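We have chain A already, so just place chain B on it with the hints.
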Amino acid sequence: MSGLPLLSLAIWLPIVGGLLVLATGDRNAKLVRPLALALAVAGFLVTLPLYIGFDTTTSAMQFTELRWWIPRFSIEYRLGVDGISVLFILLNSFITPLVVLAGWKVIEEKVAQYMAAFLIMSGLMNGIFSALDAVLFYVFFEASLIPMYIIIGVWGGPNRVYAAFKFFLYTLLGSLLMLVALIWLFFQSDFSFNLLDWHALPIPLSAQIYLFLAFLVAFAVKVPMWPVHTWLPDAHVEAPTGGSVVLAAIMLKLGAYGFLRFSLPIAPDASRELAWLMIALSLIAVVYIGFVALVQSDMKKLIAYSSISHMGFVTLGFFIFNTLGVEGALVQMISHGFVSGAMFLCVGVLYDRMHSRKIADYGGVVHTMPKFVAFMVFFAMANSGLPATSGFVGEFMVILGSVQYSFWIGFIAAITLILGAAYNLWMVKRVAFGAVANRHVAELADINTREFVVLGILALCVLGMGLYPLPFTDVMHASVDNLLKHVAVPKF
Amino acid sequence: MNFVMPDLYPASAEIFILLMACVVLLADLFAGKGRRWLAYLLAQLTLVGCFVITVLTRDGQNVTTFSNMFVSDMLADFLKLVLYPAVAVMLVYSREYLAARKLDRGEFYVLVLFATLGMMVMISANHFLSVYLGLELLALSLYALVAIDRDSARATEAAMKYFVLGAMASGLLLYGMSMVYGAVGSLDLFEVGQRVATGGGDRAVLVFGLVFIVSGLAFKLGVVPFHMWIPDVYHGAPTAVTLFIGSAPKLAAFAITLRMLVIGLNGLAEHWQTMLMFLAALSIALGNLAAIAQTNIKRMLAYSAISHMGFMLLGLLSGLTGPEGMLDQTFAALNAYSSAMFYAIAYVLMSLGAFGMVLLLSRAGFEAENIEDFKGLNKRSPWFAAMMMILMFSMAGVPFFVGFFAKFAVLQAVVAAGHVWLAVFAVLFSLIGAFYYLRVVKVMYFDAPTDMAPLEAPPDMRILLSLNGIAVALLGLLPGGVFDYAIFATYGFIAGY
Chain A
816 MSGLPLLSLA IWLPIVGGLL VLATGDRNAK LVRPLALALA VAGFLVTLPL
866 YIGFDTTTSA MQFTELRWWI PRFSIEYRLG VDGISVLFIL LNSFITPLVV
916 LAGWKVIEEK VAQYMAAFLI MSGLMNGIFS ALDAVLFYVF FEASLIPMYI
966 IIGVWGGPNR VYAAFKFFLY TLLGSLLMLV ALIWLFFQSD FSFNLLDWHA
1016 LPIPLSAQIY LFLAFLVAFA VKVPMWPVHT WLPDAHVEAP TGGSVVLAAI
1066 MLKLGAYGFL RFSLPIAPDA SRELAWLMIA LSLIAVVYIG FVALVQSDMK
1116 KLIAYSSISH MGFVTLGFFI FNTLGVEGAL VQMISHGFVS GAMFLCVGVL
1166 YDRMHSRKIA DYGGVVHTMP KFVAFMVFFA MANSGLPATS GFVGEFMVIL
1216 GSVQYSFWIG FIAAITLILG AAYNLWMVKR VAFGAVANRH VAELADINTR
1266 EFVVLGILAL CVLGMGLYPL PFTDVMHASV DNLLKHVAVP KF
Chain B
80 MNFVMPDLYP ASAEIFILLM ACVVLLADLF AGKGRRWLAY LLAQLTLVGC
130 FVITVLTRDG QNVTTFSNMF VSDMLADFLK LVLYPAVAVM LVYSREYLAA
180 RKLDRGEFYV LVLFATLGMM VMISANHFLS VYLGLELLAL SLYALVAIDR
230 DSARATEAAM KYFVLGAMAS GLLLYGMSMV YGAVGSLDLF EVGQRVATGG
280 GDRAVLVFGL VFIVSGLAFK LGVVPFHMWI PDVYHGAPTA VTLFIGSAPK
330 LAAFAITLRM LVIGLNGLAE HWQTMLMFLA ALSIALGNLA AIAQTNIKRM
380 LAYSAISHMG FMLLGLLSGL TGPEGMLDQT FAALNAYSSA MFYAIAYVLM
430 SLGAFGMVLL LSRAGFEAEN IEDFKGLNKR SPWFAAMMMI LMFSMAGVPF
480 FVGFFAKFAV LQAVVAAGHV WLAVFAVLFS LIGAFYYLRV VKVMYFDAPT
530 DMAPLEAPPD MRILLSLNGI AVALLGLLPG GVFDYAIFAT YGFIAGY
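Just so you know, the sequences run in chain order A and B.
Mapping the first sequence onto our numbering, position 116 (from 1) lands on 931, and the numbers just tick up by one.
Mapping the second sequence onto our numbering, position 63 (from 1) lands on 142, and the numbers just tick up by one.
Derived from the structure by calculation, the hints contain no laboratory data.
A few of these clues could be false.
[What the hints assert, rightly or not] Lysine-lysine pairs mimicking DSS-like chemistry, simulated, CA-CA at most 30 Å apart: (1) A:845 - B:454; (2) A:925 - B:454; (3) B:458 - A:920; (4) B:458 - A:845; (5) B:458 - A:981; (6) B:112 - B:181; (7) B:458 - A:925; (8) A:845 - A:925.
Note that this is a predicted model, so its numbers are computed, not measured.
Just chain A, same shape as in the assembly:
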């Protein structure tokens, strides 16, 4: 194993790179784009050894780094990954170059700031996934709001200001309550912010419930779970394509990851006690939001609601407490990262040409953009969980897991397969097929090489993961088993 601090590199290379891009300035747009791409690719390359060198037999933290940060409050710069987090770091670093490519031509104003915001955000999110110190986690968690706020507000659509504020304040609300919970735990654990210490800390049930609720607010907003999901459609619709991709592919995963890193291991008894609530909220998200997606007339909104519905699957998988459920949820998260990212990129491709996201403005796109429609149909299928795509694996595992837990929960969850197919395919039908709707559609040009490469890479990932998910599930086995064993044991 190399002695390089790989996790620190994964965090700070994009951040420092982002500042470098910022310093290059908006005037040198010609230089900025390749530089940002090179940095993003480099950021991905440094995370590869994390996967290659990963030891799948242990649930212990790997690639750990430890330094003092603020000794006054025993805050440490403590990093490490296990089978749960390592995949997200890879996913995040993988998505960043694609996002840079997606914004290559479209973003003409303030290019340097745009690219820098994405690079910095990528670094911050790697920090969230690898932090093992609660304050370090929190600091990355909250700091990642800043670039997203700027991205939505500066490069977003007509209603961007409202969406940016809603996004920021909603998520801040959750995280502030979590901060109080973290501070409380600091004193309970005799002045430690080490997450692993907290996992072993005995806490009375009543306190666990408060903690669980504080974490719930923070993470439920981020996931987002029904009924605190309303910021997401606004944010998605107004954000530029790259912003939507990062939001859907990575940011939504932060909340779910938080459940696994904080709620379940720190308050396992409360988690079991309140599992009914979580399952109920998840099922509402899966079914109700699925119906809401059906009636959307805006493509981005439709995909946003489908994201919420899919994330309902993820939280459902966590709170049925069996290996199939949790692993299925994790697979679903990774797959959703690819699929929803690709869907937003598809909408982006159309939006760049037509400047409309309304389904009604399209029709018969297949006649003018056959290559593009091939991709779009494929991703829509994946989004509705077609076998042989990555979307199927996760959903199937979660449904199996929930049937194991209770037949009716599994039954209700399975409704999503019908709903998902309905809203995805109906949208594709209206947009891509039929007669050419209007003059603008008739003038559309098919995707260029750059767009083809971006969508092609994602399609390969979706297909690969759908056909052979073992490389993904192998990594998480040990950690998930360990987590479930830990949750099963009462803590007080």
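Relative to chain A, chain B alone:
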């Protein structure tokens, strides 16, 4: 009774600044109109001199002089070493502004130096009388500074308001002190503290006096319900003076609050902690709510100052743990007071930067006063837009900026003292507060500029303002050092008594 010459050594910096203030006054008299820079330069040199003297005379011991009226301890040294740079930075920021408005008269610098002396006396006060002396010296200088632009009706009105309300607050404070004196028969903070702690004095009289003292302090800190003067004075005063009022004096007010309540009246802690709790909660709530409605950035920052002072009080009131507390007493006190001190210092740094930005946008014949004036700053100057963004996010308490760790430190002290619900209350209102800071960022980044005039600030101000913003970011990344100093200073202060 025979006269004993007091030991002047611990007060060398104070004596130096007093002499220099007189020198500046005379120098300006003889220099004439063409050499306005002389007073400025002398004032800056004075502050540098004070800094050097304080560094040289500091020895980590508690030394009292002037019959125990004046103390030089680690707390005083540390706060003074923060105070001088704060005043110096303020002078740099305001030079161009004052020159453009022909306000850069020698009196300005003399008054600033006297105000600084007042603050130094407050920081080192160990006696009710020296607290009062320092306070009045500061307050009278500030009244005059607010009114320094004689032709501005608004400034005059603000000065009148400030004077009348300030005088009343001083009256309250004095009345409270006289009550305490009546009960325990001493004005020496240390002796008062001992007598109160051992049950001396009539409790009813003491608590009665305490109410007045806390009210007077609340006025000086500008916390609800004694905050009315803050928005009007911040708004009415020339921005350079607002910058001054909004920064360094907060440190001095913090110092006297700490010394009077913790040293002098610690025996009544359960009473003043409850009072501070109400003041803090009200300030955080009202400050943040009222700031939302402001369109004038000076008023907005005034309300934000109210809420920040409320947050600082949260630290001060958590020093002694209640029955549910989780720490032992000494550690709890250290933890809480050093957190409040960190908050005060962080606030001064952010406040200097924020008002500095307002000054940066002002130019001859144009007062940048409205939030709208920041429109499209990202197009006009991406660098300073980024600096202002850092300052705003820091004030909102978002990491990685120093404001986050200030809030964090105070909140952990509150939780340690067992007031978890107070912490929840505070974070919920700081969420509301985030809205108006975000609005400034929105105006700078999301809106198109209406005014494309280039920024006209001199290079020294640009550099310093940049450093100010970078400091806010760097202290957010690595706050450990300042935390340690705050601990040392508080430790020296607590251990000395």
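Let me make sure I understand: some of the numbered hints might not hold for this structure. Which ones are they, in numerical order?
No hint contradicted; all consistent.
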